[in-house]
Amino acid sequence: MIYLDYSATTPIDPRVTEKWVSVETSFYANANSDHILGRESKRNNDESIRIIADYFKVLPKEVIIMSSAVEANNTAIKGLAEKFPQKTHIISSALEHASVIGALSFLDQRDYEIETLGLDDEGRYDLDQLNKMIREDTLLVTLIGVDSETGIRQPIEEAGKLCHRHHVFFHSDITQLVGKGHFDLTDIDMASASAHKVYGPKGVAVLIKKASVPLIPLLHGGHSFTPYRSSTPQNGLVAAFAETLRLSSLEFDDRFIKVEKLNVYLRSKLEVFPEIHINSNQHSIPHLFNISIQGSRPEEGLAYFSDHGLCFSSKSACSGQDEFSASVYAITRDKALASSSYRISLSHLTTVEELDSLIKVMKTYCSKLCEK
Amino acid sequence: MRKIVIVSAVWCHACLTMRKRIKALKEKYPEWIWVDLDLDLDDDVVDPLKVGKLIPVFIIYENDVEVKRIAGEMSQDALESELNYV
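Heads up: the sequence lines are chains A and B, in that order. Residues in the first sequence are numbered consecutively from 0, following numbering that gives the first Met the number 0. Residues in the second sequence are numbered consecutively from 0, following numbering that gives the first Met the number 0.
So here's chain A without its partners, still in its complex pose:
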């Protein structure tokens, strides 16, 4: 099987597994316990948190360990709403992960007003519109860092600056950005990310919350790493997360250059197919490669590709229109292209041979479509 669905999740790096097992074995004591083994666990955890904080260029106390980006997104949105109940207007986008939409739906049912920011012709947030949408009662703007379908890198830093000019909180889900691009959290109040999208383990994530942002925690219990998320500290998982970020930072340039070359290669081979339209544009990170195959139905297409040993996906979230991608429509303004899109995600682990296999199967699939 050829795996080209790295944006859904990634295989864990063996060096990260080694770190996880080693810490879980050596530092098994509860870091909240006031005995020598507990203190050793705490010291080890403090070092892991420092590495994570350094990666995001924030203070250690601004790192809140979570179990998933879903939990981080929910904590950021609901926790802020709980703290400021008098402000009930929130701005978001149609590109968000289901966990952001879910948290916003939860608030919408409690009479919050949720508004959707539009995209420009290149699929990026319309910041002029955002400037006009912010009101006196706007609590939060929450915008994803990278469109998980087309890979378009969104101007979250500029959006954060704009929000700060209006004294409005800004949160971003940067899960698809970590390890794939550079970012600056200076004007971002809160950011969510998970380890498993960047060759780390599933079950650990982070909410970066700037010290100046007040928040009511979702889980109440004993003190953990921070008062914002109770649970027994996950010593091994957190060390593994720190290790995955350390490796990601250390190897960023090599990994990025390799993926960029693979992207250029794949583009050069697929753009000659008359049935294929490449949707990812100049703003897309090279790791995400979105195409439409004219006349294709993604549900049938994915089954065909899977039967031929290829694993990738179509659109990533419900758009309310069957197999219709709001992201692709925003940049193409073409309903047929938006209803026939596929997401191929690349990694530094991807090989040219794997892409050649993909191209070969795709050629056969397109020929079959033409015969219909």
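Please note that a few of the clues may not be correct.
[What the hints assert, rightly or not] No more than 25 Å apart at the CA atoms, straight line, and that leaves these computed lysine to any residue pairs for SDA-like:
1. B:Lys52 - A:Gly101
2. B:Lys19 - A:Gln85
3. B:Lys52 - A:Arg266
4. B:Lys19 - B:Tyr84
5. A:Lys77 - B:Leu36
6. B:Lys22 - A:Thr115
If you are wondering where the hints come from, they were derived from the structure by calculation, not from laboratory data.
Start from chain A and add chain B according to the hints.
For chain B alone, coordinates are given in the frame of chain A:
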């Protein structure tokens, strides 16, 4: 007696967008019976309805007999028109 059964999900952006439009129509047509169902939480009721993948789904009943089914994101005017034209 007209009854509108709406099946939606919290993770669906189209459902979130439609909620405000549905609320306005609920206020405009208080004589209709409106039933909100969650695709995931109310699965025991929703599964037999076989709503498919496209949500939100609006199932219109007239005297307890299903007469029409529509789905997806649409304008408030379009939804109103669809709900009235059975």
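Against the structure, the hints:
Taking the CA atoms of Lys52 (chain B) and Gly101 (chain A), the gap is about 17 Å. The hint holds against a cut of 25 Å. Distance hint between Lys19 (chain B) and Gln85 (chain A) is fulfilled; the C-alpha atoms sit about 20 Å from each other, no more than 25 Å. Taking the CA atoms of Lys52 (chain B) and Arg266 (chain A), the gap is about 32 Å. The hint is violated against a cut of 25 Å. For a cut-off of 25 Å, the pair hint linking Lys19 (chain B) to Tyr84 (chain B) stands: about 21 Å separates their Cα positions.
For the given pair, Lys77 (chain A) sits about 23 Å from Leu36 (chain B) by alpha-carbon distance, which is consistent with the 25 Å threshold. Taking the CA atoms of Lys22 (chain B) and Thr115 (chain A), the gap is near 17 Å; set against the 25 Å cutoff, the hint holds.
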